[in-house]
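Protein chains in written order, with the numbering used here: chain A, 1 to 250; chain B, 1001 to 1400; chain C, 2001 to 2151.
These are calculated hints, taken from the structure and not from any lab test.
Treat the hints with caution; some may be incorrect.
Here are the simulated lysine-lysine pairs, DSBU-like style, with alpha carbons at most 35 Å apart [claimed, not checked]:
(1) LYS2129/C / LYS2087/C
(2) LYS2129/C / LYS99/A
(3) LYS2068/C / LYS2087/C
(4) LYS1159/B / LYS1080/B
(5) LYS132/A / LYS2087/C
(6) LYS2068/C / LYS2129/C
(7) LYS2068/C / LYS99/A
(8) LYS99/A / LYS132/A
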Amino acid sequence: MSPTPNDTAIALRRALIGAGAAALAGIALAPGIRLIEVAQARDPKRVASGEVRWGLLIDTTQCEPGCRDCIDACARENALDTPIDNAQRPHWIRKVELKEIRTGRAASAPVMCQHCADPPCVDVCPTGASFKRNDGIVLVDRHSCIGCRYCVMACPYKARSFVHEPVTNQNPDVPRGKGCVEGCTLCVHRVDRGQTPACVDACAAAGHGAMTFGDLNNPDSEIARRIRAVASSQLRADLGLDPGVRYQGL
Amino acid sequence: MRASRFPRIEQRVFWLLVAAGALLTAAGLGAAHRIEERGHAVTGMSNQVVWGVPHVFAIFLIVAASGVLNVASIGSVFGKPVYKARAPLSGLLSLAMLAGGLMVLMLDLGRPERVVVAATHFNFRSVFAWNVFLYSGMFAIVTAYLWTMMERRMTPYSKLAGLAAFFWRFVLTTGTGSIFGFLVARQAYQSALLAPMFIVLSFGWGLAVFLIVQSFIYAWNGMRLPPAVQTRMARLLGVFVLASLYFVAIYHLTNLYWARQHAFERFILLDGGTLTWLFWSGYVVVGSVLPAAVLFSPLPRGRRAAVVASGMVVIGAFAQLYVFIVGGQAFPLEIFPGFSASSEFFDGAIASYVPKLPEFVLGLGGIGAAFLLTAIGVRALHFVPEDDFLTGPTTPATQD
Amino acid sequence: MARSSPTHAATAQRITLAALLCLGGMFWPPVSRAGGERTPLPAILVEGGGHCLAPAGEMRRRHPDMLKHQRDRTVHLGERGTTVNLKECVACHASRTTGSVIGSDQAFCQGCHTYAAVQLDCFECHSPKRTTAATSGPAANTIAISARAKR
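Put together the whole structure using the sequences plus the hints.
In structure tokens form, the structure reads like this:
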């Protein structure tokens, strides 16, 4: 029986496994080196640019209590529907109903991953699966995620969810699965196509106008002009994380 | 009186013990398989409480593994002969418990098959990534340390190995405490006190486990621990228990001083239902005050007193860890200071956590693995403490 | 203790056992008997027309490396519209009837992976279903990929 390509692959695989111990250091270094070499070689327009910083501006004065347009759009876009119970179900965005304790003033705000400039989830991830892309979007690389949930512990905004059940019927643009941690991706698959996140789209389509998406680094973008004009704040700004999501009316 | 020969434990009983340990370990593996197959939906953990009972077991085993090495360190580093005789058992227990704890931790991962990824991709800002090296290094160093104690040629190096193990252990337990100490978001955890607190907790928990294991080994081998040795170790455990209580007290008292921590402290110390009960009855009374009273009591105590006190310390350890880990997560994050919040993602609400069977079985599987490794190790390597192991003229008093 | 040479009976037993194992092994995997071949092969259906990125043999050997290399670039750098693209692979290779690359041992990915006993991890997260119309396979960069694959 002459060796088929499969047999060669099997033999090669065994040899690689056998040499694994010696190659550990190399493997640890290799991705970083390859990414560096690739980043320098590639056409900068085809990768996420460090000149851009994507952000959201949420005008909570336009948020109706009980309105779920952004939440439903996110669940549809990212195929988040699941039969398991609420405590274990993933939430990428949720509507928080607020009441100021001393004054009694009511407010309503959607909360999602704040895409911090200095994300604690990125700091604590042991494998580097939780990372911040060049354009500011904080993501989970589910190829490296081991499901330790340390980032869930670390996030001040409860932005991350753990997938408790097997997932089927994923959106092909949004791979997600059991045992990994996930969170709002700012619809990175849409942003990379030049579109806006699904929540922003839905809010605009419904006419509420509570959510603005754009490039915080571009002084002419709508979001930059708005945050220059009207006061906005970051959630838990005292932590010094510099989130990319800003809120007006809180 | 010490018997001049050490009758070996009956074959039957040994194999029974091994079978029990193996069964428990297998059950733990089975639970892990179920969790991996169905997802963590079969556990009581949720997006509010992501670390639950398995982590309580795992962190206890890991912290106690570090602390149990104290016995050996006191022998090698501080040169106390009585402890030197117990060093090999202490080293074995350390390895066994570390293995058991890590087994539970790795099996509870969302993707346990990816430990290879964890071992090859490192983000060195993460304490977890450092822990991969600290824990594997601990295995290596303790193994080397055991080797210096077992191999006559290497005995001159055992002090150096002991020193290395002592130092490594401090770094490792600091790392374990810092897992929580580095978390800025949670009111339970944002504290530099946690690293030294875990070190002191490790002293007490490790010694308690050692006393329990030692007493069972002695009983099953028909030996008697000299009362002077027993008293010394018991007093030492008492000191550690009080030191731990001191750290926990400081942690809570400081929190109580800060207005922004009032709600959290009220939750843990007063309002938290099961958590409050566990803290006060479990950790403070059963885990600290009662054992300290027993261990320091000037009244004549039975032979079993130290072991019972150790058992209470272990119970208190589990209670404290449960309150620390689960309580820290159950209390809601403060995302909007000055506002009361509510949402369908349990913002502003105390999370409820009801652990389910697979979690307990997985945790017990870790204990089973540690037990199995210890039983086999003690039997195969003759790690029963021999008080005439010493080469010097000092022998402990054995008057009854 | 001297080792005794196996008796004739023992040898006969061993040969019979080996033969039974081989016979059993032949019936085990989902294999095809096409063309009177002695070597069992996975019985997958390759329904897409046109070319893949590289010849079949090379794709079999190199597809894990190709996918792994590209996935890091796509995820971490945001590189889109690349030649190696799992969604495109699925779109082309998905079964005409089920629209999926897994689900049976005739399905494209699952068939070979079951045969080779290699865990197929991708579709725990990635959708195994075709969503776009099958393309005939990009011909560009085939040479570049082959060249890199041969490294």
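Here's how the hints hold up against the structure:
1. Distance hint between LYS2129/C and LYS2087/C is fulfilled; the C-alpha atoms sit about 9 Å from each other, no more than 35 Å.
2. The hinted pair formed by LYS2129/C and LYS99/A fails the criterion: a straight-line CA distance of about 45 Å is larger than 35 Å.
3. Proximity of LYS2068/C to LYS2087/C is assessed by CA-CA distance (about 14 Å); at most 35 Å being required, the pair is judged to hold.
4. Of the pairs offered as hints, the one joining LYS1159/B and LYS1080/B holds, with about 12 Å between alpha carbons and a cut-off of 35 Å not exceeded.
5. A hinted pair counts as satisfied when its Cα atoms are at most 35 Å apart, and LYS132/A with LYS2087/C qualifies at roughly 24 Å.
6. Proximity of LYS2068/C to LYS2129/C is assessed by CA-CA distance (about 20 Å); at most 35 Å being required, the pair is judged to hold.
7. A distance of roughly 48 Å separates the Cα atoms of LYS2068/C and LYS99/A; the hinted pair therefore is violated under the 35 Å criterion.
8. Note on LYS99/A and LYS132/A: the hinted pairing holds, with a Cα-Cα distance of about 33 Å set against a maximum of 35 Å.
Checked against the numbered hints given earlier, the structure breaks hints 2, 7 and satisfies all the rest.
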